[in-house]
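J.: Residue-level listing of the chains:
There are 2 protein chains.
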Amino acid sequence: MNYAIIGTGAIGGFYGGMLAKSGKEVHFLFHSDYEQALGNGLQVDSVSGDFCIRPVKAYKSTADMPPCDLILVCLKTINNRLLADMLRPILKPDSTVVLVQNGLDIERQAAEVLPASVGVAGGMAFICSNKIGPAHIRHLDYGRLTVGAYRGGSQALEQLCSDLHAAGVEALLAPDLHEARWKKLVWNIPYNGMTVILDSTTEQLMRQADSRALIYDIMLEVLRGAEADGVHIPTAFADEMMRSTDQMRPYKPSMRLDFDHHRPMEIEAIYSNPLAAARSHGVDLPKIAVMEQQLKYIQQTYLP
Amino acid sequence: MNYAIIGTGAIGGFYGGMLAKSGKEVHFLFHSDYEQALGNGLQVDSVSGDFCIRPVKAYKSTADMPPCDLILVCLKTINNRLLADMLRPILKPDSTVVLVQNGLDIERQAAEVLPASVGVAGGMAFICSNKIGPAHIRHLDYGRLTVGAYRGGSQALEQLCSDLHAAGVEALLAPDLHEARWKKLVWNIPYNGMTVILDSTTEQLMRQADSRALIYDIMLEVLRGAEADGVHIPTAFADEMMRSTDQMRPYKPSMRLDFDHHRPMEIEAIYSNPLAAARSHGVDLPKIAVMEQQLKYIQQTYLP
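Protein chains in written order, with my numbering: chain W, 1 to 304; chain B, 1 to 304.
Quick caveat, the hints were computed from the structure, so don't treat them as lab data.
Same chains, same label: a pair holds when it works inside one copy or across any pair of copies.
With a straight-line cut-off of 30 Å between C-alpha atoms, the simulated BS3-like cross-links for lysine-lysine are: (1) Lys287 to Lys252; (2) Lys24 to Lys131; (3) Lys21 to Lys131; (4) Lys76 to Lys287; (5) Lys60 to Lys76.
Bound conformation, chain W alone (with noise of 0.2 Å):
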């Protein structure tokens, strides 16, 4: 089985670059990186390890690139509208597309555009990791990629969790997709947009007394989501999300990366998919919607 990394940052080129270490055929897709991955090969700083893949399987264009049979998209949710047109060079008639993104409802419009023999699947990072420079990769802390199927490719998916465990990964295969999503949502709802909004990391969020009580009232409302949309998630969940958040390094997530760095937030897939969700059940979850509003403003008066 060979592999398509889509977007090779922090995300991508974190289990790309461990399946690569281990053996397995990876071709990376890069974007301003390309030329800094061809001379000196993708680089990742980890806490189990650094390592540098060089020579790297490096393209620009997946028109370059050879078909694959499993294809992660570590891109940002923002571009999956453009996501047919870029898969198609690399697609078999029965690849399976892991959609390694933030949110809800990613599967259902990507299913849509892909063609019917294609598996589609989702995968959640859990997972500490930035990119500190061109195609240099940090990883910080955690490490998980849990997956679920959305359309076929069952199999794939085995194989892949069975890869990145002799790559020396963690690799869950969840055998709900829907409720592994909402389950991620209790942590990224709260921090992500908190981190923004407040211009904090995780860490400050915790120590605050009413910061920290926000953040356990968000995650009950996101609870809440779940529970109308047909997913139950006992409040032991969120309870253990505020441990292991207490036990994590001081943490920028992924859109107040998004922020310091001037790209677009993920607000449509982290918020407004799941508040959609709650509301076709007639639930409203006015904390959440008060953080959609918030980041809305954020996003058009300080965003391009």
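Since the structure of chain W is provided, determine the placement of chain B on it from the hints.
T.: Chain B only, in chain W's frame:
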């Protein structure tokens, strides 16, 4: 009837200045601006005409002031725990204390610590006015003072309104102080906090579609809180607040100015007290609760 202005800032300086200009006996308590006031008087630059009260009856301490019939307290609510001690030297048995302050439940707290014979009332300033230098006020827009009795003092309030009219200031004696306080909150709750949280002016919030919708949603939540607390305010009142803010010049509300000048913000009076009032009737106001928590985080993180 003689007047004391306790706190000669943007509000006290304007109303006291207008009363003094019309010939009333007005005693002004200054803090850091005392020397400037003694030397150069109280300067008011107003849309309805600039003037200077010079000499001005300026004091550094209430211990030096004569007893007064009508006492306008124009300090931040943050200092209200000092009120009983501060006012003791200037109280007559039948003085009336008007708390020209923001928020809810201000009068109850003051009435508990002031002598029972002293009238207690509330005042709400509908005015755009800033202190732009020592003993120097700029009045930008509007100017109505709405007052309402909390305990006794109704004759003094009538006299106050009549004196203000004679001085060219719109004044209104509200039949229901509690209702008037909630009505003022329909404006104060959304704009005061959101200009701080989103680092903006009223005009920026009104121009962008999402923040505009957010402001309106929060106004509707204030109406729900008022309703729970026994005050019916029709939706049309929120519409009217939106319209009048659209017509306002770009403005930084008092909380935003407090933040900009590193002064404590009136979170308790404007947010915590209304939230507690609604909660005492079993009603949650989740969007306003988010604002309260965000503001407390900001206060503790950035202010002394």
